[in-house]
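K.L.:
Read off the chains here:
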Amino acid sequence: MPINNYIFLGIILFCIGVTGVLTRRNAIIIFMCIELMLNAVNLLLVAFSKMHHQVAALHQGAASTVGTEGQIFVFFIMVVAAAEVSVGLAIIVMMYRNTHSVDVNFLNRLKH
Amino acid sequence: MSQFVYLVPLFPLVGFLVIGLGRNVLSRTLTGLIGCATVLASFVVSVMIFNEVRTPGFMPVTVRLFDFIHTGSLNISFAFQVDQLSSLFLLIITGVGSLIHIYSTSYMHEEKPHHFARYFSYLNLFVFSMLLLVLGANYVILFIGWEGVGLCSYLLIGFWFTNGDYNYAARKAFIMNRIGDLAFLIGIFWILAQFGSLNYADVFTRCQGGATAPVLTGITLLLFIGATGKSAQIPLYTWLPDAMAGPTPVSALIHAATMVTAGIYMIARSNVMYTLAPATQAVIAVIGLCTAILAASIAIQQNDIKKVLAYSTVSQLGYMFLGLGVGAYTGAVFHVMTHAFFKALLFLGAGSVIHAMGGEQDIRKMGGLRKYMPVTYWTFWVGTFAIAGIFPFAGFFSKDEILSHAYAHNPVLYAVGLLGSLFTAFYMFRLLSLTFLGKFRGTHEQEHHLHESPAAITIPLVILAVLAIFAGFLGIPEYIKPDAHILEKFLAPVFASSQEIAASASPAPGTEWVLTIVSLLLIAAVSIWGWTKFKGYTGPAKEATGFAKILENKWYVDELYDAVIVRPINALAGFLNKYVERGLDGIVNGAGRLVQYSSRQIRLLQSGQVGAYVLLMVIGVIILFIVQIFL
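Protein chains in written order, with the working numbering: chain S, 1 to 112; chain X, 1001 to 1631.
There may be inaccurate statements among the hints.
[What the hints assert, rightly or not] Counterexamples of contact, computed for chain S against chain X with all Cβ distances above 10 Å:
id : residue
1  : A40
2  : M51
3  : L58
4  : A63
5  : L107
6  : N108
[Claimed, not checked] Facing chain S, a subset of chain X residues (Cβ under 10 Å, in silico):
id : residue
7  : H1448
8  : S1506
9  : A1508
10 : G1608
11 : V1610
12 : V1614
13 : L1615
14 : V1618
Since the hints were made in silico from the structure, they are not lab data.
Each residue gets a CB set at the ideal place from its N, CA and C atoms; glycine is no exception.
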């Protein structure tokens, strides 16, 4: 499969994520959209790393591990995202307990 | 013992701190006790040091306490120097200072306890500063003390700070001193630039052959301007009479033991430089003489008991400067010493009178106090005789020494100086007669309250009177009894190098006898005239007119300064305040208002809408991308 398809899919997923973050007011949906953006990036990282590895294998032999670093990054991103989610969900839960809503626009009263 | 010289200023400093910090806790008795004890302790140490210094073959001792300023090649240490001159001044300052402290315990007794303590802490600080001034082994320490006495005079002249006039007098003293201090400071910088050191020992050895005459003249003139401020000479003398606003013992302290003698001390200390700059010496002699005669003429027509004494101090300081100017350094220091005794005596006597009169200071409303306060009368009488220069009281010897040296220098100086001393005799006997003789001219209530002052006031008076009678015998002139001038022999090492460069001439013995007898006869005649003229004084016959009015208004010098200096500066300041200040205000306030306005606008961006923030973030990221890719 040509790399272009992965890139297009990544762009589409990322844009959906951005649009979601910008337009939705439900904190949980915003959260999911952020995950979507992260995963769009992950997808690209995996795709590029795979392609890079094949190119390196052509020149240096099949045993080469050059170009697999991207996939390691994906795991880092997943771990960080998981940590972020655990914190973020805790905030959302507290927010719901206090306001009985998860509407982010409600948060603007924090400035008073 | 001289190794422990730092104890001398330390005691008053501790006294100042203890009394000053504990002013709300300490009782009056305790405050007075600490105040007097600390200065007395200094006096005891000073006497011990003096005993060591007066042994033959004593070499000056420098006690280095710590590094004070140490940068690059400049090294100024906090060091004290003990020699004949400083130990003599130590005795005067702590001795007369102790008496004034003891006197003050009684004089200030009606003050509230914390004001009483404030007064004593200032008094101790004053003594401390003056001790620092005379003890310093370099010009920097001298300058610290120099500024310290200026500050203390400000604090004490304005002691009764609720009175606006007194505050004004305090400010005047401070500002006039600052003018002199500026010149003094420039002089110190010049010394540093020229000789690379500020230590007395280094400077005085290097200035012989190390600098040209114009440079030395410049330096010495600048230092002398500083002295005119501190020691109240023309043109910076007008603060001293106004300094009468402070409590009377303070006046005694300023006039007798501290502050005004600083200038004399400084020039006597720098005698080598001054001897090498004859032009400056001539200036000093002329200014001193002019001050002496101007102030003496003003004193003739003053009616405030303290003002008369104040102008008399200015005039006596003029004599001291005349002595310095003609190279009679010993004579000048001698006069400082005798003047310290009799002027302290006169001021404290005046304080005793004011005390008895319930605050009245106008001598026209006194009279006949002789029978009510005999101790004050007799001691005042001694002080008057001493200052008038009547044999054998202290003032006779010191003044005679200065005048005979002046004669050897230039007979005109002698003649004018003698005229000034005739003025002195006249106004002092006028003061004595108006205050103590004749009939009482005050109100009945005042007459009822008249009383002799308590022991704490009269004992210092008696001690000072004894000193004022006998101090003169320390300096019996050569022509009366050869080799009897104890003070000159004592101080000889300090002035030795000056004497080598230019020995101060004294006239032939025969001439001296004639001069002395002429001046004594004239002074006696004027004294008797002043005495009889005012003995039966009944009250002001008429308003002073003509020349007397000019004298009563102090030659209008204050008015002249007001017109020439104060008013133009005020006008300039008013103009700057009104126009320039407004423009500057506009710029500064405009900048402030601009920031305030723009922050008000930018604040609107902080809406708290999460969506808006995110949108801005996305826009920002996109802009960054575009910049990255296309630019």
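K.L.:
Each hint should be assessed against the structure and marked as holding or not.
P.N.:
Outcome of the hint check:
Residue-level check passed: A40 (chain S) sits 14 Å from the nearest beta carbon of chain X, beyond 10 Å. Taking the minimum C-beta to C-beta distance to chain X, about 22 Å, the non-interface status of M51 (chain S) holds against the 10 Å cut. Taking the minimum C-beta to C-beta distance to chain X, about 30 Å, the non-interface status of L58 (chain S) holds against the 10 Å cut. Every CB of chain X is more than 10 Å from the CB of A63 (chain S) (nearest about 37 Å), matching its label as outside the interface.
Distance to chain X contradicts L107 (chain S) as a non-interface residue, since its nearest Cβ pair spans about 6 Å, not more than 10 Å. Interface exclusion of N108 (chain S) from chain X breaks down, the closest Cβ pair being 3 Å apart, not more than 10 Å. A least Cβ separation of about 77 Å between H1448 (chain X) and chain S goes past the 10 Å threshold, and the interface hint is therefore violated. Against a cut-off of 10 Å between C-beta atoms, the interface hint on S1506 (chain X) is violated, since the closest Cβ of chain S lies about 92 Å away.
The closest approach between the C-beta of A1508 (chain X) and any C-beta of chain S is roughly 100 Å, which is over the 10 Å cut-off, so the hint fails. For G1608 (chain X), the interface hint holds, since its Cβ comes within 10 Å of a Cβ in chain S; the closest pair sits about 3 Å apart. About 4 Å separates the beta-carbon of V1610 (chain X) from the nearest beta-carbon of chain S, less than 10 Å, and the hint is met. Evaluation of the V1614 (chain X) hint against chain S yields a held restraint, the C-beta minimum of about 6 Å falling below 10 Å.
This hint holds: L1615 (chain X) has a C-beta 6 Å from the nearest C-beta of chain S, less than the 10 Å allowed. At a threshold of 10 Å, the smallest CB-CB gap from V1618 (chain X) to chain S is about 6 Å, leaving the interface hint in force.
Comparing the model with each numbered hint stated earlier shows that hints 5, 6, 7, 8 and 9 do not hold.
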